[in-house]
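Those protein sequences? They're chains U and G, same order as listed.
Quick note: the first sequence uses numbering that gives the first Met the number 0, first residue 0, plus one each step.
Quick note: the second sequence uses numbering that gives the first Met the number 0, first residue 0, plus one each step.
Any given hint could be a false lead.
[What the hints assert, rightly or not] Short derived list, chain G residues pointing at chain U, Cβ under 10 Å:
1. F1
2. E11
3. R12
4. Y66
[Stated by the list, open to error] Some chain G residues flagged as far from chain U (calculated, every beta-carbon gap over 12 Å):
5. A26
6. A91
7. P101
8. W107
9. P150
Since the hints were made in silico from the structure, they are not lab data.
Note that beta-carbon positions come from the ideal geometry of N, C-alpha and C, so glycine has one too.
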Amino acid sequence: MRLPIRRRHFLLGLAATGLAARWPKVFAESGDEPITRLIPATGEALPVIGMGTWRTFNVGSDPMLLDQREQILELFFQRGGRVVDSSPMYGSAEAVMGDLLGRLEQRDLFAATKVWTRDEGETLEAVENSEALWGVARFDLMQVHNLLGWEGHLETLQALKSQGRLRYIGVTTSHGRRHDELERIMTREPLDFVQLTYNIADRAAQNRLLPLARERGIAVIANRPFQGGRLFDRVRSQPLPAWAGEAGISSWAGFFLKFIVSHPAMTCAIPATTQLAHMRENMAALYGRLPDEAQRQRMIDHVQGL
Amino acid sequence: MFTPEVYLRLFERANAWPGRGLWMVVALLAAVPVLLFQPLSGLRRLVPIVMAAGWGLTAAVFMLQFYAPINWPIGPLAWVFALEALLLALLALRPPPGGIRPVVLICWVAVLLALSWMTVYETGTWWAIALPGMTPDMTAVSTAVLLLAWPRRARWALLIIPLVWFIFSVLVHWTLKLWWPMVVPAGGLAMVLIAWAWPDRPSQESGVSERVY
Chain U
0 MRLPIRRRHF LLGLAATGLA ARWPKVFAES GDEPITRLIP ATGEALPVIG MGTWRTFNVG
60 SDPMLLDQRE QILELFFQRG GRVVDSSPMY GSAEAVMGDL LGRLEQRDLF AATKVWTRDE
120 GETLEAVENS EALWGVARFD LMQVHNLLGW EGHLETLQAL KSQGRLRYIG VTTSHGRRHD
180 ELERIMTREP LDFVQLTYNI ADRAAQNRLL PLARERGIAV IANRPFQGGR LFDRVRSQPL
240 PAWAGEAGIS SWAGFFLKFI VSHPAMTCAI PATTQLAHMR ENMAALYGRL PDEAQRQRMI
300 DHVQGL
Chain G
0 MFTPEVYLRL FERANAWPGR GLWMVVALLA AVPVLLFQPL SGLRRLVPIV MAAGWGLTAA
60 VFMLQFYAPI NWPIGPLAWV FALEALLLAL LALRPPPGGI RPVVLICWVA VLLALSWMTV
120 YETGTWWAIA LPGMTPDMTA VSTAVLLLAW PRRARWALLI IPLVWFIFSV LVHWTLKLWW
180 PMVVPAGGLA MVLIAWAWPD RPSQESGVSE RVY
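Could you build the full structure based on these sequences and the hints that come with them?
Quick look at the structure:
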């Protein structure tokens, strides 16, 4: 028996197939898929909200605090987070991360850390030490911390990347320091990532560095997304503006994070927290709509007016 | 750096070490006033030895075991504490201190107790009490106070390490915005300056120990 397929049915079916193929995109608009950005060097997608470990994961061997941080990390992965950023400068944070990663069965980790030593001959030793502390075979991203000895370190990191020992390399700054030098490095060196301070109050990077990152195809990680917590002090007891919902924002944490990751050059922001409730708010910014350019300007005006 | 919560937890963990370690420290602390009031100079010579034990214990337990993993300068500073312990042990070779008036001793103990409670006040738990002989600020403060019983000539060199520690500790507390616990190193800093300027009693200047109560 032949099925009575007519041209109209065929076209309807084709349209339905096309719509189904676009379903994830539609789903993302409604807020159930994490917002991702592509790493320009490879086209790999990364969730736009990551996690920093400065101060928060430096808990030494305290069993109670280790258990608490395990819950934080578990929730981060459960909510779709991948990028975890640390540094040897953060005390025991790398060792703590290694301990906690060993406890968690399900995780999709993009491991990022830094080389932090003046001795440019110690790059390999530093990388291997961090690998041992984290318990990872290789890092996804290795960055030169605060440009410390960057010339020698970058040369070695480049060689390690060529050998397949690292996936991406980059450099970092924070607090808006040494932007001129960072600009020179971004212009001259083959970087995959830069990490810098960018938030709604510290927007110096958007003048030259963020456009340059787009031009050169460099992924950008934003540190200090809450200005070390000072942004929350600024908005304390203030309600969210009524129009925040239009920009897909439901908390002040979401307000600050979505401002950052809605910049077209931005790949990922790395807020840090010790509180589960704060982690939930941070990870909520990974979903839903992002503010457009006009809404971003409105957000700046609103914060400046507080 | 680390959070204030992580820092304050160090006190609770140190007091839980190694189960009954806290009582050992309390016993050492109680021994100091008892020894100071002994008529035999040989027993009073033990006071700097007890103080040295406190510095050693602080370095080995609180600093190296708990604090150093979260704050890298603490590792080297623990060895500086060990050096102070050695210097205090050498102080036992000098003539012991003279007697101390009971009222002075009571005042000292009251001040030290008040300082010990700053971390309790901040955390809300008794387990966070900062004891001399276990926690670095209180060990250094109590040492600076006790050194007043020795002649200036003997005491000034022993105040250098407490001074360095207090400056470091004030900066740490300032960064963490722990204002109440910061009273301890800030008070210690003042105590060191007082101890440097504190004049000798005539009997101390002549190097002869004397009971004055």
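Okay, the hints, checked on the actual structure:
1. F1: 4 Å, holds
2. E11: Constraint on G:E11 satisfied, holds at 9 Å.
3. R12: 6 Å, holds
4. Y66: 8 Å, holds
5. A26: Holds, because the least Cβ-Cβ distance between G:A26 and chain U comes to about 27 Å, which exceeds 12 Å.
6. A91: The assertion about G:A91 holds, with a minimum of 35 Å to chain U.
7. P101: Per Cβ check, G:P101 is outside 12 Å of chain U; nearest 41 Å; holds.
8. W107: Non-interface label stands for G:W107: nearest chain U Cβ at 33 Å, farther than 12 Å.
9. P150: 41 Å, holds
Comparing the model with each earlier hint shows no violations; every hint is respected.
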